[in-house]
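*Asks:* Residues per chain are reported as follows:
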Amino acid sequence: MTILYTLLVLAWAIVLIVGSVTFFDKILKR
Amino acid sequence: MNTELIGVLFILLVTVALASPLGRYVSRVFKGERTLLDFMAPLERFIFRMSRIDPNSPMDWKQNAWAMIKLNVFFFAWAIIILLVQSWLPFWNPNHIGGMSLTQAFHTAVSFATNTNQQHYLGETGASYFTQLLVFGYLQFVSAGTGIAALALVFKGLSSKQTTDLGNFYNLFLKSCTRILLPLAIILAIFLLFMGTPDTFQANATITTLEGHTQTVATGPAAPMVAIKQLGTNGGGFFGVNSAHPFENPNYVTNIAENVAILLIPMALVFAFGFYLERMKLAWIIFGVMMLGFLIPLGVGLHYELHGNPAITKMGVQQPTGYMEGNEVRFGPAATTLWAMSTTTTSNGSVNGMHDSLMPLTGAMAMLNMFMNCNFGGVGVGFLNFFLFLIVAVFIAGLMIGRTPEWLGKKIEGREVTIAALLIILHPLLVLSGTALSTWLITLHSNWDWLNNPGFHGFSEMLYEFTSASANNGSGFEGLIDNTVFWNLSCGFVMLLGRYLPIIGPMAIAGSLASKKKTPDSAGTLPSDSLAFGLITFAVIVFVAALSFFPVLTMGPIAEHVSLFP
Numbered sequence: 001m002t003i004l005y006t007l008l009v010l011a012w013a014i015v016l017i018v019g020s021v022t023f024f025d026k027i028l029k030r
Numbered sequence: 031m032n033t034e035l036i037g038v039l040f041i042l043l044v045t046v047a048l049a050s051p052l053g054r055y056v057s058r059v060f061k062g063e064r065t066l067l068d069f070m071a072p073l074e075r076f077i078f079r080m081s082r083i084d085p086n087s088p089m090d091w092k093q094n095a096w097a098m099i100k101l102n103v104f105f106f107a108w109a110i111i112i113l114l115v116q117s118w119l120p121f122w123n124p125n126h127i128g129g130m131s132l133t134q135a136f137h138t139a140v141s142f143a144t145n146t147n148q149q150h151y152l153g154e155t156g157a158s159y160f161t162q163l164l165v166f167g168y169l170q171f172v173s174a175g176t177g178i179a180a181l182a183l184v185f186k187g188l189s190s191k192q193t194t195d196l197g198n199f200y201n202l203f204l205k206s207c208t209r210i211l212l213p214l215a216i217i218l219a220i221f222l223l224f225m226g227t228p229d230t231f232q233a234n235a236t237i238t239t240l241e242g243h244t245q246t247v248a249t250g251p252a253a254p255m256v257a258i259k260q261l262g263t264n265g266g267g268f269f270g271v272n273s274a275h276p277f278e279n280p281n282y283v284t285n286i287a288e289n290v291a292i293l294l295i296p297m298a299l300v301f302a303f304g305f306y307l308e309r310m311k312l313a314w315i316i317f318g319v320m321m322l323g324f325l326i327p328l329g330v331g332l333h334y335e336l337h338g339n340p341a342i343t344k345m346g347v348q349q350p351t352g353y354m355e356g357n358e359v360r361f362g363p364a365a366t367t368l369w370a371m372s373t374t375t376t377s378n379g380s381v382n383g384m385h386d387s388l389m390p391l392t393g394a395m396a397m398l399n400m401f402m403n404c405n406f407g408g409v410g411v412g413f414l415n416f417f418l419f420l421i422v423a424v425f426i427a428g429l430m431i432g433r434t435p436e437w438l439g440k441k442i443e444g445r446e447v448t449i450a451a452l453l454i455i456l457h458p459l460l461v462l463s464g465t466a467l468s469t470w471l472i473t474l475h476s477n478w479d480w481l482n483n484p485g486f487h488g489f490s491e492m493l494y495e496f497t498s499a500s501a502n503n504g505s506g507f508e509g510l511i512d513n514t515v516f517w518n519l520s521c522g523f524v525m526l527l528g529r530y531l532p533i534i535g536p537m538a539i540a541g542s543l544a545s546k547k548k549t550p551d552s553a554g555t556l557p558s559d560s561l562a563f564g565l566i567t568f569a570v571i572v573f574v575a576a577l578s579f580f581p582v583l584t585m586g587p588i589a590e591h592v593s594l595f596p
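Here the protein sequences come in this chain order: B and P.
Per my numbering: the first sequence = residues 1 to 30.
Per my numbering: the second sequence = residues 31 to 596.
Okay, chain P solo, but in the shape it has when bound (with noise of 0.2 Å):
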């Protein structure tokens, strides 16, 4: 076998068996038992204390929702204020960088607050170190703690008899940030310091090249931050070519260890689903039906990577390590392709290649990803968003079979599907209305030339952009001019939609279940651990999908496919 294929699948081996006993320690953190880091709880009540906060007060859904929209409009303040205000603050700024125009800083400031981190500056020259580390660094822990405490509110309200109780979203949020993230990430920056990645407050170096020029280097405080960039599915760099950069993944044993970063945390939340609900047969058949929706772009993308362009076939060019424009040299295309497929499925957004340098087909298959963005997804929010599939194949089986639908013993009604289906269609509403928008506008306004590329291929940037915002991933196609006022508030404002409802809504499905009688399963019970399940549950993941962006694929990527391969 190809060793490059061997590498990928170590990837996803080693994520995998990594995956499961993680997903055990979250349970029990969830579930508030006994762990290894009980040693936290002083600095958690301290935290507590300070803030005048009661973490086992009981909180219904909405008191939850209102708790996560308060903190978020605290991080998105501290982060949009400092963004403006960086160039004054008299430290950690050696390099004197300015502060940012106000959309730009808004987009930048929604985008870390919302888990997104869609990037429209460069991090060498756009943030001082000081808004990387407190800021971004800051934005990556706490965004990645709300998915995950706003899961752990739709377990417990999936677990409960008859309650209106959910758990403390405080309690939930700070726990996820002092013992699931912050740990990860300290394990990991130290691995990414001795392999190379810097951690300093010193100024970029000036060096002198081989040939006699002066180049600068830039440096900074970014082990910690490529850490948590990985595990919190956040993905903004520290430089500006993110995870392609030698200082953010330096080798290839890097590139292994934040690839498996990527992937951990969400796929440990499956698990953690069936350790917290002791249904481990239903968290395999979940984790099979996303490890079935990540495999099937993964190996249409490795194919087409491995297998090189025929346009440069064309030109008398042998491809023997398959097509390399735009993929890491260092790393080959077959793990740029696994690394792209990681960080569309679960909403990461790092890339350790170019995005807009995929072949056409592959470059779809990420945009399918974003589309489904349910397969693993981002920390919390990925296995929320796979929740209201699941609500909708219930009630549709639930039809198919003539049975009143009911899962875990609790009866799906109409007003839960209702919201369900509201959320499913709000992902598509965002992409297509905001591709629709920026269509039109740059047809009508030709000298706004955002676009580098003509055509499908300049379509497919605008396509990419939206959908990687809307999804939160915040990964670019690139090619495209995106610090206008345009892409800034466009793009902004569909993070803030595409986070939030996607959040709030699963929380009241939750809070509605909870409050429900549980009846025991019965004969008459539609069986949710069972392979037909899991494929109608795919099923309607795909068709939604399809039915949804079909015609928007065939306008960029497949019609620069159809291009290539006439």
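One chain only, chain B, in its complex shape (with noise of 0.2 Å):
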């Protein structure tokens, strides 16, 4: 279970640092 809970948080972060950079260029694109 602690293992999944690591990948899980480890993963959403990703999502969101990497998200990030689209969405900051979507909003500079508009």
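Any given hint could be a false lead.
[As the list claims (entries may be wrong)] Below, in silico cross-link-like pairs of lysine-lysine (BS3-like), each with a Cα-Cα straight-line distance of 25 Å or less:
(1) K311/P to K548/P
(2) K26/B to K441/P
(3) K29/B to K547/P
(4) K441/P to K546/P
(5) K100/P to K26/B
(6) K92/P to K29/B
(7) K547/P to K61/P
FYI, nobody ran anything at the bench for these hints, they're computed from the structure.
Assembling the complex is the task here: the two chains are given apart, and the hints tell you how they should meet.
*Replies:* In structure tokens:
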């Protein structure tokens, strides 16, 4: 269970960080 | 004047005196001009050749952001693997330290990769010498280099006439490590070595005390790590009690040197901005605003620490030297308070006394420094945070006087302000939601006894932990049993978002500004190097911090203060 929690937290953080590049780019291209 | 206060003044004056020439040097490194350390060039070329990276290829903001992310993924992976398997490595582990649990390794790897260095382990018992040097020591260089390189990209973006090229992250990153951090760290490490900080691979010493008891004295290769931990605003201690340990900080002279080292690069980067953009007046205005934001909390802290604790006075105990409980006895309350304010304003996180023991309002000031997180701040990222506030201040000031907001010849439009505003509210969002979640959980599960202190102080401990994580500070209020699945994972998550989004956002803004045509200053231009604009920026920073955090401060340190001074 701990492994699953750790992977979920890590995956969610990576999605948000990587997604922020695309998100900021979209804001700039508006 | 009190000799302790003279010590405080001396440290601040020495730091400011050193920061300006260092800033000029850093600016030359960023611009690629000739410097004294050009002899590092062959080493840099060798590293680039081995990595198959062209350090001169132009990169736009997105390419730079991806480069930063890729490098940091590598740093994290390296750290977590070693932390999990350190007990299996056959060398540099004479004390036979075991591997970390998964969540502790996750938290520690994130913590050092993000320049936070929040520690949910004890250095003496949780990390081998291999880990201390090649994971923690290494990450303390490269995480600081990441922040400085990101700032250099923003400088380039602000100074460019019209381009998409922000410079090359890899090039700036490596030069930040080899030409700024490494030489300074070598000088400080050698100094600490002569002052008594150990640097050995021998196992812990076993000694017999005067009472005849046997005691183990932890030692190790501490000097180089202590040097970079201060210079790179890292703060991760080699020993558990950090710079309150006599090996990490042997005497008052090392205390001065280390305190100067904490503040030096963050201050120098403000001057580097002025030299790079040839706008020294603006740099001095920014420096003044940051200094004001630093001196006010320092003044409040010194007042309360030097006047003693009324609860102790009530017991009939005199406090002629000020409030000493938890303060470092060798240095006195003034030096401990200066360190506490320096370490929280710069996102350093090392401590030379226990922040848990600070008077309530001094603790509140330490938190306020981390709430603002932009007065000098962490190396590189502190100025990036200030840059976000500047963008918002330019926008507000422009609206107030009815002019199109423009800064350094670049038009500030809604899209830049949107990114800046989102990132400014990210910090309170992470801190407050984390604190709310932990408070809710502890009331729901009374058997999750991670609090050693009930009431206001316990609340402050949880608030401080998330504030420290989100500000990438790393210091702890302590008194919190934090090596648990919840604290390791939640703080790890907060550290990741609190680190990388405020780096990527300013890169995006800088990329956008760089691509705009530069217009020369005219009568219609808002003068950003004026005292009025400095005060508006200061007001924006204070209002955001006050509106976001005053309610939680009243529930923690302010409530505790009122209970002490009814």
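*Asks:* If a hint holds in the structure, say so; if it does not, say that too.
*Replies:* Hints, one by one, checked against the model:
no., hint, verdict
1, K311/P to K548/P, "holds (20 Å)"
2, K26/B to K441/P, "holds (19 Å)"
3, K29/B to K547/P, "holds (16 Å)"
4, K441/P to K546/P, "holds (8 Å)"
5, K100/P to K26/B, "holds (21 Å)"
6, K92/P to K29/B, "holds (13 Å)"
7, K547/P to K61/P, "holds (21 Å)"
Checked against the numbered hints above, the structure breaks none of them.
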